[in-house]
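J.: Listed below, chain by chain, are the residues.
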Amino acid sequence: MKNKIFLFIIILFFIFCFIIFYKGLNNSNIYIPKLNNKKDLPIFIARDFYLETEVNSEKIFLDNNFYILNIWASWCVPCRKEHPILMELSRNKSIKLIGLNYRDNLNNAKKFIDELGNPYSQILIDEEGTLAVEFGAYGVPETFIIDKNKKIIKKFIGPLNQKLLKEIKLFLK
Amino acid sequence: MYGKKVKLRFLFLTLILVSVILSVFLILQSLKENVIYFQSPSEIKILVEIDKKKIRVGGMVKDQSITINTNEVNFIITDFKNEINVTYSGAVPNLFAEGKGVVAEGFLKDRNYFLATKILAKHDENYMPPEVKEAIGDK
Amino acid sequence: MANQIGYYSLILGLALSFILSAVSIKDFYNNNQGINQKVLSLSFLQFFFVIISFLSLILSFVNSDFSNETVFNNSHTTKPLFYKISGTWGNHEGSLLLWLLVLTLFIFLFLIKSNEQPKKYRILTLLFQQVIIIGFFLFLLKTSNPFNYLFPIPKEGLGLNPILQDPALAIHPPILYLGYVGSSIIFSASLSAVTQNYVSKEWAQHIKKWILISWIFLTLGIMLGSIWAYYELGWGGFWFWDPVENVSLMPWLTLTALLHCVLVLERRVALTSWIIILSIATFILSMCGTFLVRSGILNSVHTFANDPERGIFILIFLFVLIFLSLGIFFLFHKENNKNLDKIFWLSKEASILINNWFLMYFLSVVLIGTTYPIFLDVISAQKISVGPPFYHKLIVPFLIPFLVFMSLGPKLNWIKSKVENKFSLIIFFIISIFLSFFILRKLTPGVLFNTVLISPAFYLFFITAKDLFIKKFKNLPQSIAHFSFSMLLLSILFNSILSLEIITNIKVGEKYNFDKGQIFFQKLEKNKNSNYNSVIGHFKINNNKGKIIYLKPELRIYNQPVTITSEADIKTTLLADTFLVMNLVKGKEYFNIRYQVKPFMIWIWISVLLLSLGGLMSLLKKKYEK
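Protein chains in written order, with our numbering: chain A, 1 to 173; chain B, 1 to 139; chain C, 1 to 626.
Don't take each hint at face value.
[To be verified] Partial selection, computed: residues in chain A whose CB lies under 8 angstroms from chain C:
hint, residue
1, N3
2, I11
3, F14
4, K111
[As the list claims (entries may be wrong)] If you only want the chain C side, here are some residues facing chain A, beta carbon under 10 angstroms, derived:
hint, residue
5, E69
6, G327
7, I368
8, T371
9, L584
These are calculated hints, taken from the structure and not from any lab test.
C-beta: ideal position from N, C-alpha, C; glycine also.
Kindly generate the complete structure, drawing on both the sequences and the hints.
T.: Structure (structure tokens):
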């Protein structure tokens with residue numbers, strides 16, 4: 001009898017531990033900061049990936065369109081994984097995808113695009129990683145949504161996945 | 001009359017029980033005293049009173065904010081809503097830089113001034129401590 | 001090619017687990033003497049397949065075969081061969097494969113080394129072990145397959161984090177895993193002994209060997225980890241109470257307790273429930289450590305990349321094992337307490353119980369300190385961390401009685417004894433108090449507390465030294481182990497009391513004066529190496545006694561992946577280490593330097609080595625001498 005109560009208490013204790021650990025695990029890794037005040041798009045000059053010419057940021061975000069800016073690099077593994085999702089996004093005509101190639105070797109980056117396809121309407125080079133900082137990025141990959149008023153309205157840290165893709169699509173409607 | 005055996009066993013069990021209770025009490029007590037809470041600059045701004053306990057502050061090192069001299073490093077931690085000035089004299093990790101996430105441990109002097117005793121290093125450049133993520137976002 | 005071979009041998013290994021279980025269950029009900037030869041060969045075959053799989057992963061690493069995702073993520077063509085090989089287990093997938101390899105190796109060794117044991121006990125141990133092995137196979141294949149195929153094949157890999165490119169860290173995981181996995185054998189064996197009602201003197205003699213093996217490896221593994229932290233991290237310490245370190249310390253504490261308890265069981269059937277609980281706890285804590293480190297639930301400096309799916313898998317597996325062992329323990333275990341009453345308060349048994357009490361107390365401190373932040377975060381969403389002061393405050397005061405008991409305990413006889421040589425024991429005690437008082441008065445201001453702390457350490461040191469040198473080889477392993485433990489504590493204590501640390505920001509050409517000397521930053525030298533560029537600082541340090549030391553700490557900028565690491569320059573002598581590390585503050589001309597003088601550092605490593613030597617000798621000794 002005494003033993004049974006004891007056993008019962010122990011089992012309860014371990015179940016409690018299990019629940020705690022389980023919940024602790026579910027704190028998700030992908031993190032979406034809520035930007036309270038919409039941030040202005042920084043003004044910058046960057047080099048184009050293919051033309052190797054300098055472009056002004058105002059010319060890039062010229063159209064009256066939603067833009068998605070994606071920071072990527074060929075050495076970044078999660079980028080490889082999120083690439084198909086970007087490809088899917090690029091089929092959507094109402095938005096334009098801009099790639100920001102972050103601290104990368106140009107040859108590797110070109111191979112990466114050749115291998116996996118090019119979802120971007122334009123790619124910019126950020127060799128030193130300074131542009132990414134201006135956008136307030138923490139690392140690669142990172143994705144920003146820019147609205148028609150040229151404000152950053154949302155950002156995603158870490159690779160995009162199917163769930164976030166749906167969210168983005170919903171957002172664009 | 002209880003036998004000697006029973007008495008001994010009883011003694012043994014109480015001894016164990018008492019020592020377990022004592023040690024649990026001791027651990028919890030000093031846990032209370034030695035726990036270091038984590039706060040973001042915005043949380044500090046709305047503090048009612050300044051505690052003398054050690055805390056951790058996390059956020060980003062503000063651009064152009066690091067100044068350095070022989071004795072100390074000064075910089076500003078921001079969560080993009082509020083800022084706090086930090087003075088630190090101690091070893092700086094390699095990944096400490098402007099525009100990067102940082103966790104500083106130390107004492108709060110007032111709502112705008114933090115005296116750090118330690119800056120925590122992380123191995124991975126792209127790694128962001130969860131506390132910092134939370135401090136910058138979600139609030 | 002190697003990829004496919006590796007993958008399919010893993011699947012074959014898993015299939016063998018099921019076949020092996022079926023065959024051994026059949027053999028269990030067979031009335032033959034001894035285990036069926038088939039079981040042995042199947043167990044060997046399983047080990048064989050896992051080793052094939054492991055070798056093919058090594059081969060992929062050596063050949064830099066980037067069609068393998070694990071290789072792509074963790075290797076690079078310019079990396080030296082040594083680190084290509086050690087890179088195999090320097091990542092999550094490879095280290096799990098290594099874990100599996102050791103699991104299958106150990107159970108095979110167990111089967112061939114346990115011939116004199118009852119057959120049913122051996123088969124049951126094998127079955128419990130297979131439960132663990134199957135769990136790991138599934139975990140590996142489902143969530144962390146080391147042989148994922150990448151297409152198109154990348155030309156170049158991402159490289160191993162440079163901070164992990166260190167010789168101590170290259171052998172640290174295998175050694176540590178040998179310790180962890182050794183405890184899995186103890187776990188299975190004790191569960192099987194419970195079901196067979198075989199917790200006896202013979203069992204104690206046989207399981208003691210396994211306890212010693214995993215204890216030795218765990219001790220060495222922890223030491224290697226802390227050597228790495230000292231030389232590579234450049235934080236100027238060797239133990240930071242980081243969760244990952246705590247997690248390896250916890251099974252060590254239970255294992256040490258178990259090691260002492262088994263000595264009692266070897267004499268007489270007592271403490272059986274306690275021994276079983278300890279055996280289960282040791283392995284559960286090792287698994288719990290794996291969970292905490294691999295799932296990313298803990299916020300630590302060295303967690304692996306986190307993936308919640310992995311975490312959930314290990315978590316469920318961990319609790320399956322917990323409930324399995326709980327069930328078996330409560331169903332089968334018959335308490336055997338009649339001997340407990342006969343424990344006389346002045347006997348070796350009693351002193352071992354006291355030792356256990358202290359070890360369990362230390363364990364709960366570490367356990368609570370490590371897991372409390374997780375609990376609090378989930379329950380109240382508060383982020384906290386528990387720092388070193390917590391551990392120091394709770395552990396250090398208890399070291400004092402612990403050390404005194406440790407000095408006196410081994411003097412007692414089994415069953416019942418009187419204290420002999422009271423006079424010399426007291427004399428030694430007085431000598432140690434005076435000695436530590438006078439040493440400390442010369443060296444530091446905080447005399448009183450430190451005297452109280454150091455005198456028991458000296459006391460233990462003298463008493464064990466006396467045993468070691470005067471009593472000559474009577475129970476040598478124990479004397480060596482206790483002696484080196486006292487050495488370890490003395491060096492740690494003096495190290496922490498007498499350390500000198502100077503942290504400052506300095507420019508090239510500047511001098512910095514402190515009360516015991518001067519640091520002069522002479523010049524900066526730049527070098528190019530194959531996979532990194534380095535900046536070397538030349539420092540000249542004068543101390544007041546006129547001694548000049550030149551130190552050249554280095555900053556390395558690795559290109560794949562781009563990482564900056566600081567290489568501390570450490571000059572080691574028998575008395576003290578001088579340690580200098582510099583860090584770059586980005587974009588500024590100042591360098592942040594940390595200069596440290598750490599007394600007796602080398603003795604910490606030496607005494608841990610001696611400690612494991614004590615364990616090794618006890619393992620090799622044929623029979624316990626009375």
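J.: Would you mind marking each hint as holding or not holding in the structure?
T.: Cross-check of the supplied hints:
1. Using the Cβ-Cβ criterion of 8 angstroms, the hint placing N3/A at the interface with chain C is satisfied: the shortest such distance is roughly 7 angstroms.
2. Taking 8 angstroms as the C-beta contact cut-off toward chain C, the hint placing I11/A at the interface holds, the least distance being around 7 angstroms.
3. Nearest Cβ of chain C to the Cβ of F14/A: about 6 angstroms, under the 8 angstroms cut. The hint holds.
4. Checking K111/A against chain C: minimum C-beta separation of about 7 angstroms stays under 8 angstroms; hint holds.
5. The beta carbon of E69/C is positioned within 10 angstroms of a beta carbon in chain A (closest approach about 8 angstroms), and the interface hint is therefore held.
6. For G327/C, the shortest C-beta to C-beta distance to chain A is roughly 9 angstroms, which falls under 10 angstroms, so the interface hint holds.
7. The restraint placing I368/C at the interface with chain A is violated, with a minimum CB-CB distance near 12 angstroms, outside the 10 angstroms limit.
8. A cut of 10 angstroms between beta carbons decides the hint on T371/C: the least distance to chain A is about 8 angstroms, and the hint holds.
9. With its C-beta approaching chain A no nearer than about 16 angstroms, L584/C sits outside the 10 angstroms limit, and its interface hint is violated.
When the structure is compared with the earlier hints, violations turn up for hints 7 and 9 and for no others.
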